[in-house]
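Quick mapping for you: the protein sequence lines, in order, are chains A and B.
Each residue of the first sequence is one higher than the one before, counting from 67 in the numbering used here.
Each residue of the second sequence is one higher than the one before, counting from 160 in the numbering used here.
What the hints contain is simulated information worked out from the structure, not anything from laboratory work.
Wrong hints could be hidden among the right ones.
[To be verified] Label-pair distances were calculated between CB atoms; the ranges are: (1) P751(B) x K80(A): 32 to 40 Å; (2) P265(A) x R519(B): 37 to 45 Å; (3) G148(A) x G485(B): 48 to 56 Å; (4) N147(A) x A298(B): 42 to 50 Å; (5) L791(B) x G212(A): 35 to 43 Å; (6) A298(B) x A283(A): 23 to 31 Å; (7) D752(B) x K80(A): 54 to 62 Å; (8) R519(B) x I82(A): 43 to 51 Å; (9) N147(A) x K648(B): 37 to 45 Å.
Backbone N, C-alpha and C fix where the C-beta goes; we use that ideal spot for every residue, glycine too.
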Amino acid sequence: MSAQTAGHETMNIKLIVWRQANREAAGRFETYEAKNITPHHSFLEMLDVVNEDLIKQGKDPIVFDHDCREGICGACSAVVNGVPHGGHQRTTLCQLHMRKFKDGDAIYLEPWRARAFPIIRDLMVDRSALDRLIQAAGWISCHTGGAPDGNASPVPKPEADYAMDAAECIGCGACVAACPNGAAMLFAGAKVSQYAALPQGQVEAPQRVAVMIQAMAENGFGNCSNHYECQAACPKGVNVKFVTRLNREFHKALLLDKVGAIPSK
Amino acid sequence: MILDGKAPSGRIQDSWDKYRFDLKLVNPANKRKYKILVVGTGLAGASAAASLGELGYNVEAFCYQDSPRRAHSIAAQGGINAAKNYPNDGDSTYRLFYDTIKGGDFRAREADVWRLAQVSSNIIDQCVAQGVPFARDYAGYLDTRSFGGAQVSRTFYARGQTGQQLLLGAYSALSRQIKAGTVKLFARTEMLDLVVVDGEAKGITVRDLVTGEIRGHAGDAVVLATGGYVNVYYLSTNAMGCSVTAIWKATKKGAFLANPCYTQIHPTCIPQAGDYQSKLTLMSESLRNDGRVWVPKKKEDCGKPADQIPEDDRDYYLERKYPTFGNLAPRDISSRAAKEQCDDGRGVGPGGRGVYLDFRDAINRLGEKVIAERYGNLFEMYERITDENGYKQPMRIYPAPHYSMGGLWVDYNLMSNIPGLFVLGEANFSVHGANRLGASALMQGLADGYFIIPYTIGGYLAAATPGKVTADHPEFAKSKADVKATTDKLLSINGKRTVTEFIREFGTVMWNDVGMARSEGSLKSALQKIPAIREEFWKNVKVTGGSGETNQQLEYAGRTADFLEFAEMLTRDALHRQESCGGHFRVEHQYPDGEAMRDDADFCYSAAWEFKGLGKEPELHKEPLKFENVHLAVRSYK
Chain A
67 MSAQTAGHET MNIKLIVWRQ ANREAAGRFE TYEAKNITPH HSFLEMLDVV
117 NEDLIKQGKD PIVFDHDCRE GICGACSAVV NGVPHGGHQR TTLCQLHMRK
167 FKDGDAIYLE PWRARAFPII RDLMVDRSAL DRLIQAAGWI SCHTGGAPDG
217 NASPVPKPEA DYAMDAAECI GCGACVAACP NGAAMLFAGA KVSQYAALPQ
267 GQVEAPQRVA VMIQAMAENG FGNCSNHYEC QAACPKGVNV KFVTRLNREF
317 HKALLLDKVG AIPSK
Chain B
160 MILDGKAPSG RIQDSWDKYR FDLKLVNPAN KRKYKILVVG TGLAGASAAA
210 SLGELGYNVE AFCYQDSPRR AHSIAAQGGI NAAKNYPNDG DSTYRLFYDT
260 IKGGDFRARE ADVWRLAQVS SNIIDQCVAQ GVPFARDYAG YLDTRSFGGA
310 QVSRTFYARG QTGQQLLLGA YSALSRQIKA GTVKLFARTE MLDLVVVDGE
360 AKGITVRDLV TGEIRGHAGD AVVLATGGYV NVYYLSTNAM GCSVTAIWKA
410 TKKGAFLANP CYTQIHPTCI PQAGDYQSKL TLMSESLRND GRVWVPKKKE
460 DCGKPADQIP EDDRDYYLER KYPTFGNLAP RDISSRAAKE QCDDGRGVGP
510 GGRGVYLDFR DAINRLGEKV IAERYGNLFE MYERITDENG YKQPMRIYPA
560 PHYSMGGLWV DYNLMSNIPG LFVLGEANFS VHGANRLGAS ALMQGLADGY
610 FIIPYTIGGY LAAATPGKVT ADHPEFAKSK ADVKATTDKL LSINGKRTVT
660 EFIREFGTVM WNDVGMARSE GSLKSALQKI PAIREEFWKN VKVTGGSGET
710 NQQLEYAGRT ADFLEFAEML TRDALHRQES CGGHFRVEHQ YPDGEAMRDD
760 ADFCYSAAWE FKGLGKEPEL HKEPLKFENV HLAVRSYK
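Looking at chain B on its own, in the form it has when it is part of the complex:
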């Protein structure tokens, strides 16, 4: 099937304004008759639930955490992009649009990206009005800094906690609506199934994580804002509870999953210290504004303390390879370059899996005080984890799984191929193409929630009868029975290995075979190993406790079971895409200098996969990508 993204035609500059005008409206007096279920309360979910509540819709919001304020958006450090052009350095909607398309290696839909760039300025205004304490200069105006993949300074920030402050802004707006009674919050509640009635999304089945109760919620539309799936690699920068479960359940109910192989490996994370480790910690990309990345030129220097390696024996490889962007080369390129150096035997630290991020020159130039003011909390975090002082010796960094560009396929309305199922933020595939630029995730989450879904959902609801389906529909009973059967099965296996042991083994396979560099051989080998691990999991996992109580192992087992199924689709997507683009690097497709080689003749499309049953080939649907406003070109940061 050739998919239609419903992107508006005509001049791109007018596309969103015209489309918005053409969308049907729901009468203000009728809005309260429509119930909207919003799953996930991060930037996208909280901003959507709050904005929909403000409009007068009857909203129910769900999160697995004990409070919406803990969603993993909170961990974003560096900032949020907006085309304000406050510094007068040449930014514009067009430039942000262009940088995002190019940064995504020409694998995103133009109209969606344009809209994102267009509303980016409104986001900053909205957040300021909410009391988000952005950094200011001495005149009292908003301050900005630079991020990877851009040559303008368009990143707004709140110390090293921008995600936290934006999330707390959205959370405050959500809280106001909870008090107003337009939004009902269900915390510590996990979505375990999507309920589809007559081809439309009409509800969800959830488990109350405190009492264990399994319950159906019916609505007129379902909005998934459930984040990304890179915990499929086990070790990642995501929170422990981040999972693919919500979007995978939707996939199994017929929603198409697009470009799952586009995963982002972030270049500046603290290297792994041991095999007991439960997660990897990211340090903001903003560090690359002042830190210089290097490794020793000679392998025999790798074991020496950094200060004993003379300047001439250091290889500042990003500055050498990409003189124009230098240390601010985009994430995919920086990560691969780090891996190359380490594969070449010039990595530093335990296991040779690390490169230096050195502030010596910046400290000499600006003084330690200035550096501390800019990045103090990051140096503190680094020291707490590694017991090393980043002011005195260079930090060690290594790439780690961080973000998923892929996600559920959505059209220009952010609606999936299942009518009534909308998908926002990291959970959808829409704007980042094959690689996301720094400080663009926060922008997308809030654009989707504050400024897009409030309009586009009206177009769907205006044609729907409110309250058509209630939770006593047989589909809800069936869904509940399915969820209960899975839960009971997990508890009854009583095998020999813990959930953690499985996901660790499995994550290592994914990282080695489907990680930063993929080959036909490694992907085919993963396709052999994944079903084997999954089979053993369902025979030999040990989950203690019962279903009618707080049971964290049971939650973990369910999420892991979904990763074990989803991983196969991710791997098949990677195998089918015989080109290198953005975060997807196939070793067979590279230029002699190691740069990614795209194949626009054969792969200039989004790949949306339809689930056909476990262990069966999913069906591929293509959405061709047209570039009318930017020229398809080899992405160069040299």
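Excised from the complex, chain A in its bound form:
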């Protein structure tokens, strides 16, 4: 296998990485070198190489969230040269490969930066605010057991496909990190739209959208002002039309008088 890596051109990369010991500590940029990287290394495998070097020197390796390394769990999260996940279409950081870079490149690496995502350490942030949005109302109230036959209510294929497009979201939070307002409208909009498109989800649609909008304010997320940075950064290509749907569902809920007090924040 070494023979195979030897067959490739290798490159050296300069990394300028945000280091921060914990939530309270002051952060700073540190510079490292990633040596002998092949075009087939994934971005995270390149970071592994740097970390192995750091450990050998007795230094703390760079902390970053990662798990499945196949682009679906949504754990990996870093801003590469100012763009969440590095800015390649429909690509999470773990699926970004070093063939997109060249020898001698300098790469800036930072954590998601948003009011709702406090930094835990280095590139790792606390995204539990997204879980709290789902807990607030991102579900259909059906108990286990007693569900009708799966074919009892047919769902037109275009609606099913639309719901699936919305459900592609992996909850990584890149949309929030990319948004100048730190808004989670794409994340919440995708969930609201998925359920609103399906007959099962329509029963609770007005309450759901009202509660989720309130929860966004309570959890420190901003509001949408149509920059569309979220869609550009989304590694799953979730479309801003779901933000439109969120707004439409909210207005429907207003008309139905299901919203209650408008959140003050």
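Given chain A, work out where chain B should sit, using these hints.
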């Protein structure tokens, strides 16, 4: 000891309904007095925690990830089986039961498999009600496709992300219970010990992965849904954080570990590209519906571009060897066949470790658009990793460790031999025998969590006094001290080699000696090498940082240390099982044509191992397997 699986007797068709009726119930008003600890929030854990919370139990749920939605169930691509018979192609509960028993090479308990097949239809209904966006046809009805080891179309799917969508469904149900206050979630929290009091499981010791705090949680029952252990091979399709730790700690506290040698090597993974690689990526088995697997007939053709190899010089070996199932032969058989071709010097790609998966004929027949609609995301993933276009040239695939059929031994209640310790999903050994069929893992995880544990746990709790043990019991202090001692030890060694260097070396030993083909010689050699690596690990590993902070190297070191112990039990199990069955292939036991040779006279049992101390022979307990509804037969897919 001869183990009793407590499988109900009588007509199998009535077994679960009758058993469910006979189970004791906990009064609705009393349920909140019982605390249940659920470890792991994948399909099995999240569905269990949500369903138990809905029933009114007081649940605490734990996951090492930052959110339950990231559990590795999310990576399952292809689909979930259910005996709905929507396509009218002859499916039934009996057929799903039969296919699963046969697919598992007759090494699973009949009653458990029957129950799985019986509740499979309810799972689809439940998930639809939750808003899981399954694929639909133009009439609006649910669509299905075929998977390996079945001749009916019973696999429901949501594009190439079925696991993700089912997990998000369970996660939404769990989230609803968190809001309702019945479930308390502890994310970024790893279980590092099981606490057993007076012979019963009454709690766990955990480490908070952010602050480093080591803490005890007491409960009336413990449910482990902590997934599988194939990261013991280092390179696998599992997520980086998947480990054997939770079930290994339980094993060390007396739980029996059953059939650890049944590991699944998945045939359709992207081949390894270099030695820096951190994981292998799976591509859904559904690709085999339209892709044809082949290698060049002549060794000298292996280096040529695929389109320069004429049709007559291609060996479509699965179609040749298994004309009935063809490219949809089960996983164990397909993986071994790929290895055979490569061992014969006819593999393709770097190092000759790959076979072609070719869509040329399907594209000519159906058009690229149809293929893109079916598998577009998989072609995209393949291109991103390999920089090759699967529409223009055949994909290269190679088998990789994927799933563990073995796990903690459980009875029909999904309870281990330690009363109060329940085990769900991939973490138990129950239904897949020696080989799991595609699209059956999702089915099992959700069956266990939604439709089995909510009933069977009541039978145990009804006879237990709620709140009998609290976290100030001396056993908790002892467990905490043990965990802390291990953590401190790992940090104090300050050796020369990193954790990754150890697990890489060790994983290579496991893959070569205890991988797809095992022999007495290779297994004995592994039993020499494993303790040596373990010994060096504890003398020479380098873990930076401290214990009272976020420390990923420390987490990794702990998980690796557990793999280094567990591997020995896996290897001993493989050595003791002198037959070939499913994912366990002993080269000494094969038919002249290379097919696996089972030995029902001597090995028709589940092997449950009792830990007796490190470096000591574990004790073997047998649970004999009885087949009353299917005939034990040589498994043939020809």
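Ascending list of hint numbers which this structure does not respect: 1 and 6
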